[in-house]
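2 protein chains.
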Amino acid sequence: MNRLNEEYRENYFDTIFKSLKNQDKDQFLKHFLELHPTDQVELFQDLYKDKRPMFYEYLSAEEFSEIFQGLEVEEQKEVVKELDKAYAAKMFNYMPSDDAADFLGEINEPHAKDILNAMEKVEADEVIELMSYPEESAGALMTKEFISINAKATAAQVMELLRKEGPEAETVYYLYVVDPKDKLVGVVSLRDLIVAPLNETVENLMSKQVVSVESHTDQEEVAQLIKDYDLLAAPVVTTTNELIGIVTVDDIMDVLEEEATEDFDDFTAAKGATDVNITSFSAARKRSPWIIMLMFFGLITAGVIGTFEETLEEIVLLAVFIPLIMDSAGNTGTQSLAVMVRSLATGSFEKKGLIHTIKREFGTGVMLGIICAIVLMILIPFLYGSYILAFIVGASLFLTLSVATIIGAVVPVAITKLKLDPAIASGPFITTVNDILGLIIYFSIATALLDYLPK
Amino acid sequence: MNRLNEEYRENYFDTIFKSLKNQDKDQFLKHFLELHPTDQVELFQDLYKDKRPMFYEYLSAEEFSEIFQGLEVEEQKEVVKELDKAYAAKMFNYMPSDDAADFLGEINEPHAKDILNAMEKVEADEVIELMSYPEESAGALMTKEFISINAKATAAQVMELLRKEGPEAETVYYLYVVDPKDKLVGVVSLRDLIVAPLNETVENLMSKQVVSVESHTDQEEVAQLIKDYDLLAAPVVTTTNELIGIVTVDDIMDVLEEEATEDFDDFTAAKGATDVNITSFSAARKRSPWIIMLMFFGLITAGVIGTFEETLEEIVLLAVFIPLIMDSAGNTGTQSLAVMVRSLATGSFEKKGLIHTIKREFGTGVMLGIICAIVLMILIPFLYGSYILAFIVGASLFLTLSVATIIGAVVPVAITKLKLDPAIASGPFITTVNDILGLIIYFSIATALLDYLPK
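As given, the protein sequences belong to chains A and B, one line each in that order. Mapped onto our numbering, the consecutive letters of the first sequence carry residue numbers 1 to 455. Mapped onto our numbering, the consecutive letters of the second sequence carry residue numbers 1 to 455.
Chain A extracted, bound-state conformation (with noise of 0.2 Å):
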């Protein structure tokens, strides 16, 4: 059965809610059990708060923390306060140690502790671990449930170890060998296991070359790598190589995805407001600072055209063309940092090298502005008369957008090298230097050749 299909969902719900209303505990198990783990705790979000009780009456705690991993950290809280205490520590038990870290380390650190504390000791333990690794690091996002083998044994001593440890760990799919003192040497795949013989080693069967973390490395390099190997998991090790966690695909697929928003917030200076689950308030508290900023960089544009304001009132008609040369500048540069922010962030730009693309750009730029410059000669006189006013206005965007497309692609990597605040990369940020640039461009060029304009 095809799981788009809504209706078929639909009504296999329904038979679950129904189970519940009539306190059908068989039916609902049998119905309930079948479900894949993402479609129950979506089940689970569709209940109404009193029926959540019969959950945890219903499953067992090992059953419910399939479902506690899936919700979202707000929900957890609730739910939590709703767990017995025995049943809450079980269900912690259960769970994998990342995800249970994730959850502990968004709680205040008395309830984390009282937690903890009720928690079996080896759990509990590696849980603590997990928590203290900086965030977004591979050691904070990898799991303690990995399986790791000796390089004597064999093949079939192996699928031995798998068929009782198998069902705990995160994956079964790559084995990592290790000698005695736990360090890294090697990695067999499921796949390599099932087609050798029954009785060959692993140290035949094992790959020396492991593709491995460091528990400090940042989580983004560690996507890459997954990605750029096509790996299904990848081992974190410590600097003396002792192998001490897994961090898996499916948390390198979450780590993608928060990247690819926080390089959007970076990039439009929304910094974090992007979620839709807070308040107007603090979206509004989280956004204002770079509005104000952005605002003040907007009082040194009116700075810069209160300097020309005897130009202006000599020529009122060249204030029509702010916007145009504002937003062109504008325009340009956003594009030319959006380049940059993606090929740094692909890796892409490493191949080519800083010169190469600042190059590609700046003849961009200066072909963009030839095509705009002809454009508005083209138009001006046509719409206001004045071929001196088509030529200010021209030369002063062929000028502004080949600078601009410089400034979009120079500091973001400047940024980059210079281990600075990205969100000096930001879209606005950058248009506001292009906007400042342009004006004065423009009115230079416009005062340098006041006299040929008509009054």
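Think of the hints as simulated: they come from the structure by calculation, not from any bench. C-beta: ideal position from N, C-alpha, C; glycine also. Just so you know, not all the hints are guaranteed correct.
Unchecked claim - Derived DEER-like restraints, expressed as beta-carbon distance ranges:
no., chain 1, residue 1, chain 2, residue 2, range
1, B, E75, A, Y452, 30 to 38 Å
2, A, A448, B, D254, 27 to 35 Å
3, A, A118, B, I278, 55 to 63 Å
4, B, R285, A, F382, 49 to 57 Å
As the list claims (entries may be wrong) - One-sided and incomplete, this derived list gives chain B residues near chain A with beta-carbon spacing under 8 Å:
no., residue
5, T38
6, V249
7, V255
8, S280
9, G298
10, I358
11, R360
12, G363
Given chain A's structure and the hints, the job is docking chain B onto it.
Okay, now just chain B, sitting in the frame of chain A:
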């Protein structure tokens, strides 16, 4: 050993380069074939062109197919020209059908037909089928190298099948169960299979809740599904539920990156020009229609200011705040747009609904407007000595920001619903619309209060 140890890697590469220089085939093969395919590709790319023929001589078509898959299309085109026709045909036989289809879809038809004719019929037919699906659909993304099994088979029989077919398949981690008519009826993960007793039948092991997609499903939807369900692959079926291929998670990660780049392009109206590999000229050609279109909008804005020329003649000082009004309107609208584009892309929007999100954005706009108005009403009298001017600018900004957030929020949603060109939701477009609205508000208020302004 750690993949990120650059020094080790460079030494290793050097050894291989040396073996090529010495024409030492054995040494070359010994070291080269130890490398991960991704590193093999990188080494090949680092090579001087005159050394490439040695690669084609030393490596079998099967071995070289691994490298070929990893190259960019432009590089692939170059390489194919250097290959012997029989060697090339063999290489395409060994390539996963989706990768072969991707390349052959990029070159001219007669040449593609030539290659297809030289390939083995079974492989060629698979490639031709894949090339027939629309771009960016599940069909175009899928591979034909999957393993399907019978519901009546035992775990032992399936393991035996895997030993034979495993090396050819794109993934062995999900085994799809089909009925005699090739209809998809279930799925067994390799994980479940290896922990099962050897005489257990597939029927008892499989999950009947198969998450599948149809061949025409958009790739973005496929990506979201694989991400939501934490899958390693998704089966692709016809409208009659016949299994025809699978999409694997490594392809999906490329899709996620592609889609993020597309969103970015739309957002910045850079339209495919974020590719750093194209020349200045083609970048300018792709970007100029937008820049010119937006320049025409700039002329409309000029017309708006022109309408208020009389007001401006009286108070030239009004011109200095044009950039401030425009920038603030543009920035606020762009932030709202970013919120909507991201929440539409990540699906978080669906959960909250349209009205809620628009209300949220409007609320944010009002609050941002109040803050900015207050700041300006304090600063402007101080900078420009006029309370009435401060009131005009402050009030205009308040109204403009409130409207700008709504425009930024409604336009992308309307575009999605009306299936218009998403580029209309680009930052520059929204900015231009907001500029015009902002200036109309500003000059209307100024004109109404003209008599109270100091001349």
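To see whether the hints hold, each was checked on the structure:
1. E75(B) - Y452(A): 30 to 38 Å: violated, 55 Å
2. A448(A) - D254(B): 27 to 35 Å: violated, 53 Å
3. A118(A) - I278(B): 55 to 63 Å: This hint holds: roughly 59 Å between Cβ atoms.
4. R285(B) - F382(A): 49 to 57 Å: For R285(B) and F382(A) the Cβ distance comes to about 26 Å; the hint is violated.
5. T38: With a closest approach of 5 Å, the T38(B) hint holds.
6. V249: holds, 6 Å
7. V255: At 10 Å from the nearest chain A Cβ, V255(B) fails the 8 Å test, so the hint is violated.
8. S280: Since the shortest Cβ distance to chain A is 3 Å, the answer is holds.
9. G298: This hint holds: G298(B) lies near chain A, its Cβ roughly 3 Å from the closest one there, short of 8 Å.
10. I358: violated, 11 Å
11. R360: Since the shortest Cβ distance to chain A is 5 Å, the answer is holds.
12. G363: holds, 3 Å
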